[in-house]
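Novice: Quick note: the sequence shown, position 554, residue 554 per our numbering, numbers continuous.
These are calculated hints, taken from the structure and not from any lab test. There could be a bad hint or two in this list.
[To be verified] No farther apart than 25 Å at their CA atoms in a straight line, the calculated lysine to any residue pairs in the SDA-like style are these:
{"id": "1", "residue 1": "K478", "residue 2": "N146"}
{"id": "2", "residue 1": "K513", "residue 2": "E532"}
{"id": "3", "residue 1": "K27", "residue 2": "R385"}
{"id": "4", "residue 1": "K497", "residue 2": "I512"}
{"id": "5", "residue 1": "K27", "residue 2": "D477"}
{"id": "6", "residue 1": "K497", "residue 2": "A514"}
{"id": "7", "residue 1": "K324", "residue 2": "G91"}
{"id": "8", "residue 1": "K513", "residue 2": "L562"}
{"id": "9", "residue 1": "K478", "residue 2": "L458"}
[Unchecked claim] Between beta-carbon pairs, the in silico distance windows are:
{"id": "10", "residue 1": "G50", "residue 2": "A565", "range": "45 to 53 Å"}
{"id": "11", "residue 1": "G506", "residue 2": "W115", "range": "52 to 60 Å"}
{"id": "12", "residue 1": "A570", "residue 2": "N146", "range": "31 to 39 Å"}
{"id": "13", "residue 1": "S526", "residue 2": "D429", "range": "22 to 30 Å"}
{"id": "14", "residue 1": "I276", "residue 2": "D240", "range": "20 to 28 Å"}
{"id": "15", "residue 1": "K478", "residue 2": "R28", "range": "19 to 27 Å"}
{"id": "16", "residue 1": "S526", "residue 2": "V437", "range": "23 to 31 Å"}
{"id": "17", "residue 1": "A207", "residue 2": "V418", "range": "45 to 53 Å"}
{"id": "18", "residue 1": "R28", "residue 2": "A207", "range": "42 to 50 Å"}
{"id": "19", "residue 1": "G50", "residue 2": "R28", "range": "26 to 34 Å"}
{"id": "20", "residue 1": "L25", "residue 2": "F192", "range": "44 to 52 Å"}
{"id": "21", "residue 1": "L241", "residue 2": "D551", "range": "57 to 65 Å"}
Note that beta-carbon positions come from the ideal geometry of N, C-alpha and C, so glycine has one too.
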Amino acid sequence: MAEPTGMGLGQAVALLAVTVFAVPLFKRFGLGAVLGYLAAGLVIGPFGIGMIQDTESVLHVAELGVVMFLFIIGLEMRPARLWSLRKEIFGLGALQVVVCASLLTAAAIAFGLPWYAGLIIGSGFALSSTAIVMQLLEERNENNENDGQRVVSILLFEDLAIVPLLAVVAILAGQFGTAIEDPQPIWMTVGFAIAAVAAVYVIGRWALNPAFRLLAQYGGREVMTAGALLVVLGAAWAMDLGGLSMAMGAFLAGVLLSESTFRNQLEADVEPFRGILLGLFFLSVGMSLDLSVVARDWPLVLGGVLAFMGAKMIGVYSVARFMKAGHPEALKRAALMGEGGEFAFVLYAAALAAGLFDARTGAIASAVVILSMALTPLRMLVADRLKSRETVSLEGVEEARNLQERVLVIGFGRFAQVVCQPLLARDVDVSIVDIDVDMIKAAGNFGFKVYYGDGARLDVLRSSGAADAESILVCVDKAETADRIVELVQSEFPLTKLFVRAYDRGHSIRLIKAGVEYHIRETFESALAFSEHVLMDLGFSDEDAREAVDDARRRDHERLTLQVAGGLQAGRDLSRGNATTPEPAPYVKPRREGRALNEEAAGMMTAEELEERQQEQG
Numbered sequence: 001m002a003e004p005t006g007m008g009l010g011q012a013v014a015l016l017a018v019t020v021f022a023v024p025l026f027k028r029f030g031l032g033a034v035l036g037y038l039a040a041g042l043v044i045g046p047f048g049i050g051m052i053q054d055t056e057s058v059l060h061v062a063e064l065g066v067v068m069f070l071f072i073i074g075l076e077m078r079p080a081r082l083w084s085l086r087k088e089i090f091g092l093g094a095l096q097v098v099v100c101a102s103l104l105t106a107a108a109i110a111f112g113l114p115w116y117a118g119l120i121i122g123s124g125f126a127l128s129s130t131a132i133v134m135q136l137l138e139e140r141n142e143n144n145e146n147d148g149q150r151v152v153s154i155l156l157f158e159d160l161a162i163v164p165l166l167a168v169v170a171i172l173a174g175q176f177g178t179a180i181e182d183p184q185p186i187w188m189t190v191g192f193a194i195a196a197v198a199a200v201y202v203i204g205r206w207a208l209n210p211a212f213r214l215l216a217q218y219g220g221r222e223v224m225t226a227g228a229l230l231v232v233l234g235a236a237w238a239m240d241l242g243g244l245s246m247a248m249g250a251f252l253a254g255v256l257l258s259e260s261t262f263r264n265q266l267e268a269d270v271e272p273f274r275g276i277l278l279g280l281f282f283l284s285v286g287m288s289l290d291l292s293v294v295a296r297d298w299p300l301v302l303g304g305v306l307a308f309m310g311a312k313m314i315g316v317y318s319v320a321r322f323m324k325a326g327h328p329e330a331l332k333r334a335a336l337m338g339e340g341g342e343f344a345f346v347l348y349a350a351a352l353a354a355g356l357f358d359a360r361t362g363a364i365a366s367a368v369v370i371l372s373m374a375l376t377p378l379r380m381l382v383a384d385r386l387k388s389r390e391t392v393s394l395e396g397v398e399e400a401r402n403l404q405e406r407v408l409v410i411g412f413g414r415f416a417q418v419v420c421q422p423l424l425a426r427d428v429d430v431s432i433v434d435i436d437v438d439m440i441k442a443a444g445n446f447g448f449k450v451y452y453g454d455g456a457r458l459d460v461l462r463s464s465g466a467a468d469a470e471s472i473l474v475c476v477d478k479a480e481t482a483d484r485i486v487e488l489v490q491s492e493f494p495l496t497k498l499f500v501r502a503y504d505r506g507h508s509i510r511l512i513k514a515g516v517e518y519h520i521r522e523t524f525e526s527a528l529a530f531s532e533h534v535l536m537d538l539g540f541s542d543e544d545a546r547e548a549v550d551d552a553r554r555r556d557h558e559r560l561t562l563q564v565a566g567g568l569q570a571g572r573d574l575s576r577g578n579a580t581t582p583e584p585a586p587y588v589k590p591r592r593e594g595r596a597l598n599e600e601a602a603g604m605m606t607a608e609e610l611e612e613r614q615q616e617q618g
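Could you build the full structure based on these sequences and the hints that come with them?
Specialist: Encoded structure:
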């Protein structure tokens, strides 16, 4: 009896084991989860210890992780928002693909490849890895920032670019190929693609919401989950039939459902599958690295990695600067998108099947792509280091040196600007540091003296007078940066009092556990003041409105105390909700009405209670 070629339970356990070990280890040393997955895949794959042999089938399943990732991104990208990015998608995206493909084609030809093979290999490497780039953006909390949105726009155009590139392969196959006799006509390829997009749009626009309403009414939770998976996989399958990328189909379905009332439910249902399958995708990419090819042709592989990554990073950086991006953003984008991506494998497989280059060339090109993907987290580390050490134009701005005021304020955004007003009104000596040069210059126009310095660095804290300050006010926007500053101050300046701006409830709990003297959630008191004025406008007296706000403040404090000990779910009964709840009632109504045991108890009953009892009894 033949041995099964699929993946068994033992292999699944091995995959989970190396993931659980490698990913936290790599994240502990600042290398990121992606590199941990890739390394784990390399170890467990056929070119490592050989626990998994059938990497092709694993990769096919794992591609669904990328599909679901793009679906969730689509849910967050409403049609109006997507339309506002049209210039970035079709302008910036097209320009980057054309420039990078030209540079990479030239690099491939320089390695001795024919121009048509160089065009395919260079164009494939020009398409970045959607999975790796989006994962890194999410880990860094930058996917919703402006520069992150521009990166997403470029990735969307690259997803679309696979269609004309596959058409180019078909055209070149007819002239230079050896394996395809009757390639599919171009008009048919384009027609299928348009039909697939139209089908997904029509179904998503007019059929999905009514369908989910029926599922919500007559189906259970598991049926809703099945429906969410059906939407994602169905859209991906339709795009795959049309010759487009499956990820593009899932993204389009997500955009069409982004304004649906079921949006949050869909995201919650798909998220667990997305995380597991995306990790499996990175593992399968690591498994696919053929170490025998690397060992046999290591000069070509090493030279290809250096030449292709260098050429693409130059192209990405040049396009970013041409489109008026600053040096830090251009540098980050070049490091983030300096790799080849999963679409390169699709393009190379089609070219190999068409006979445009031989199997050895395809294996070397694939190894170059995989190694460039594995190096992405390391490129980001280098870019971050260069960014932190880059020479900033400090014309008209003073660096934080030898400051010795009573209060040190770190971060001078909207929050800190208000905080400083009462302090300055009482002539408290305040030193203010911030890392945003433009903000520092703008603050100078309004009479503020702000020094340049990164408060998350120990040397800057020392030069800013943290050792001598009575209080340090941490008013930065990002919770992670605030946590880093708190850790440094408590370690190096334990006698200095800390007052910290908290981002949200979870951040508040971390600060309490860290022993911060005082913290406040950035929107808490303003929201209570807002609510107090609403109550007064609705006709409640000043005293009633103030009492309601005080009650909300007290309940919040009690709930936060419980959450510090029991987690975010503790103290839920202290939070008022607008959902109606039934009045508690006894299972069996007592035969006799309750009576006071003595005169003292009877005296404690209100007049209203006595009147109710008298009415009930007669």
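Novice: What hint numbers does the structure not satisfy?
Specialist: 2
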